[in-house]
Structure formats: structure tokens, C-alpha cells
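*Asks:* Going line by line, the protein sequences match chains E and L.
Residues 1 to 369 (the working numbering) are what the first sequence spells out, left to right.
Residues 1 to 76 (the working numbering) are what the second sequence spells out, left to right.
I should point out that these hints are in silico values taken from the structure, not numbers from a laboratory.
Ideal placement from N, C-alpha and C gives every residue a C-beta, glycine not left out.
Where hints are given, some of them may not hold.
Unchecked claim - Computed footprint of chain E on chain L, listed as stretches where at least three residues anywhere in the stretch have a Cβ under 8 Å from a Cβ of chain E: (1) 4-13; (2) 22-32.
Stated by the list, open to error - What follows is a list of derived Cβ distance ranges for each label pair: (3) L:GLY68 to E:PRO328: 49 to 57 Å; (4) E:SER179 to L:GLY68: 47 to 55 Å; (5) E:HIS159 to L:LYS54: 22 to 30 Å; (6) E:GLU220 to L:MET1: 24 to 32 Å; (7) E:GLU292 to L:LYS3: 49 to 57 Å.
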Amino acid sequence: MIYFDSAATSYPKSRAAVRAVTEAMRSCGNPGRSGHAPAMRAAKIMYECREKAARVFGTDPERVILAPSCTAALNMAVKGYIKSGKVLISNLEHNAVCRPLYAMRGAGRIELVSFDALAEDAVGEFAEKVKGAAAAVFTHGSNVCGKLLPLAKLVKRAHENGALTVIDAAQTAGYAEVSFERTGADIVCCAGHKGPGGPMGTGLLIVNRALDITPATILEGGTGLYSRDEEMPDLLPERLEAGTPAVALFAGLSAALDEFSLYSDFSAFDLLCDSLRDIKGVTVYCPDKGEERLPVLLFNIDGMDCDDVMNRLARKGICVRSGFHCAPLAHEALGTLNGGVRVSLGKQNTVEEVKIFCREIAAMAKTRL
Amino acid sequence: MNKCTLVLTSVTYAYKAAGILAAEGMRAYPVKSPDVAKVRGCGYGVEVYGDREKALKLLAQSGINVLGAVDEGRRG
């Protein structure tokens, strides 16, 4: 099998991560609820996971909120930290950013404005539109075309205008530098199961040390803390972590974080881009080599439905994703109104796999000429 | 050896405190603390074996809010 769907989730998971999940399921109780050994083992696992994530992002462990997904983290960040006003997004956003904001706009809480992340002077347009904004919420890297946004520059412009920054790093954690020191962002949300290599069911909401705002909660319940109080505790991370967490999954994420390293060898991806562009009848959407990018591209074969392409590849044991990738704005921006086929690489992929893949695409495209 | 429980604000801070004290060579273990329970319902602390004042100083330097300190044998 050739797995080219790392933007959906990393695959395969490491042995250490799988082992950690199994061990935690066998040995853990409910964390933060009692003082017996299984409960304390679970609490230790949760803390260690926070500690490791905090090291990657450059913050304190208590500022790492363990969430069920990046979507849940983004919902908490957007609805918890933004009260009202103008909010700026890009035209490459995933529905995990758009839909919570659309819901807030529907409730009359915010006004939404977008900037063109594909524009030559995206930073200039951002700087203009962020004036008077309460917040800018945007992706660090597109899950559709691999475009990497100039995060540090955009954050700087937002802060010059007093706007809070919430970053969707679902695609970039593990693929690009995401530390607060380098980006300056206020809040970063990411999936634990993509670049970091943890199990599905894990997400992270990470708060910069410099941000001193108590967020509103979108979920209330038991925290094992200050149980007599009617309100949720005002302390992070417990304020945003009501209910029993998925300890075993975070044990897996914690193990995966021990092996954390950035994707850095673009040779297989460069070959993929060049080879696909050389095939007649294939249109490729991805940034050029000189640009900052993720190993993610979108393509279409003239005259073929993207789902058909995906299904034909699946029958040959090649895994890609077709459709709209939960990012209709990005497809609108790229002009791919019928969707496309996304190829996303991970560290495990090889040049040989890319050659096999491109031969299959060339054969498919040939039948349409 | 002297033993005391430092009452902390959450289980997260209990583990953070234990890590800080351990890094300085002190024996410290997160525990569910009855002392916090008396105040706000449920809570955690860190059991420290050794110099209480040194532990308090180290945690203060790291910005950890200690709600109280209870020496062994003084618990009601």
C-alpha cells in the first residue's frame, strides 16, 4: 500500500504510540479524580503529554489544553477568546475555522472579513484589513494546496493593530516551525494525530505565556477541581477540560511526541510536483519550489471526476483524498469548483512510491486524451 | 525526615510542582489533598519529604501558587 493521505491523519502510527495506548487502557483510572495508583498514573500521563507539547511550542504545560480534536480546540479558542467585533480570516480556511465563526456571525456577535492568502501581497492586504479587528483567525498552512502563510509577519501586523491571533496549525505542526518564539501567535490549535503522529481523537489548544485572558467556556462539567463551585475553575487547563479525557489516546500522543521531528526532506515531494506537471491532461495546484510550502498538493485530470481518480487509485492500494477537503473557500480561491484530488506526504514516503504513483496517473490521463 | 503537604490549585500544578522539586533533588509526590477538599471541594497537592521552606521558595520562584502547607501530624 502507498499512503499519500497524511494531511488527513498520519499513518502508520509508531509502535511506541500504539503500545502506549494499549498500556494506558490496561493500567489507567480517571485522571484528576482520585488519589489511587491508576488515577495518579493517568494524571501523570496527561501532565507528561502537556509538558512535551509545551516544549515543542515554547509555553508552560498548564497552557496546553488537551482536546478531542483540532476542531474542538478551534471552537474553544474562537468562542472562548473572542467576544465580539470584526474577525479576519483567510480565503483558505477549513470549516473548523469557518463554521464556528459563521455561527458567531449568525448570532450577531461578530462581523467576518477575509483576505486573499494567495495574493502576491497577502501581508499588505492582511495589514489593511486587520485594522479595527478584534481578532485574526487563520490557517498556518492550507490543507488543500500546501500553501504556507507567512505566519510571523501576519501575527506582527495583527498585534500592531491590537488584534488577537488564533492559528489553525492542523497541517503545520510537525511540518513547519510552530513555536511561539518564532511565530508570536497568541493561540495555536493543532491536531495530535497529524504531524505529531499521535492517535486520532487528540487535539491541542496551546496558549502563549504572554496571553492573560480567562476564556469563556463552551463546555461545562466535572473537572475534579473545586467541585463545590457553580462556575468552572478559572485555571487552565482545567477550565477548558470538562469531563473525562481520552487518557489512552493522550498516552499515545505523549509517546509520539518523544519522536517528534519536523518534516524536512522535500525530495519525494519535489519529484511528485515535477512529474505530475509533466503529464499531459493533469493540472496541479501547489506553491512553487522557492515558496514556503507543505508536502501537500491538489490535482485534477481533465475529463475525470476527482472521486473516480481516488477510487481507481484506492483499488490499486494507493491512498489519497478527493473532494472538497472541508475547505470550500480554498477551492473557490483556486478555481477548483468541482473539487480535486489531494496528495499529502509524510516522512515515511519515498521517491519510489512517488514514481509508482505518477505512472498510475500518467496511465489514467492517457485514457482521457 | 520532615514531611509536609503543599496544597496546590490543581492536579496539573501538583505534577508541575513535583517535577520542579525533583529537579532540585527533593522527594516530592503528587497526592490528592484532603486540605484543599476542606476549602473548595476537591483538590491536589504535593507531598514533600525534606525542607518545607526550601520547597516553598522553589515553587514561588517558578510562579506556582501554593494555597497552604500542612505538616505531618497536624491534619485534622
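*Asks:* Between GLY68 (chain L) and PRO328 (chain E), does the C-beta distance stay in 49 to 57 Å?
*Replies:* Once the Cβ atoms are compared, 54 Å apart, the range 49 to 57 Å for PRO328 (chain E) and GLY68 (chain L) holds.
*Asks:* Please verify the coverage claim for the region 4-13 of chain L: does it have three or more residues whose C-beta sits within 8 Å of some C-beta in chain E?
*Replies:* With 5 residues closer than 8 Å to chain E, the region 4-13 of chain L meets the three-residue bar; holds.
*Asks:* For GLU292 (chain E) and LYS3 (chain L), compare the CB-CB distance with the range 49 to 57 Å and indicate the outcome.
*Replies:* holds (55 Å)
*Asks:* Within the region 22-32 of chain L, is the number of residues with a Cβ closer than 8 Å to a Cβ of chain E three or more?
*Replies:* With 3 residues close enough to chain E, the hint holds.
*Asks:* Could you say whether the range 47 to 55 Å given as a hint is met by the Cβ separation of SER179 (chain E) and GLY68 (chain L)?
*Replies:* violated (36 Å)
*Asks:* Honestly, do GLU220 (chain E) and MET1 (chain L) meet the 24 to 32 Å range at C-beta?
*Replies:* Check failed, 42 Å falls outside 24 to 32 Å.
*Asks:* Holds or violated: 22 to 30 Å for the Cβ distance of HIS159 (chain E) and LYS54 (chain L)?
*Replies:* violated (40 Å)
The earlier numbered hints that this structure contradicts are 4, 5 and 6.
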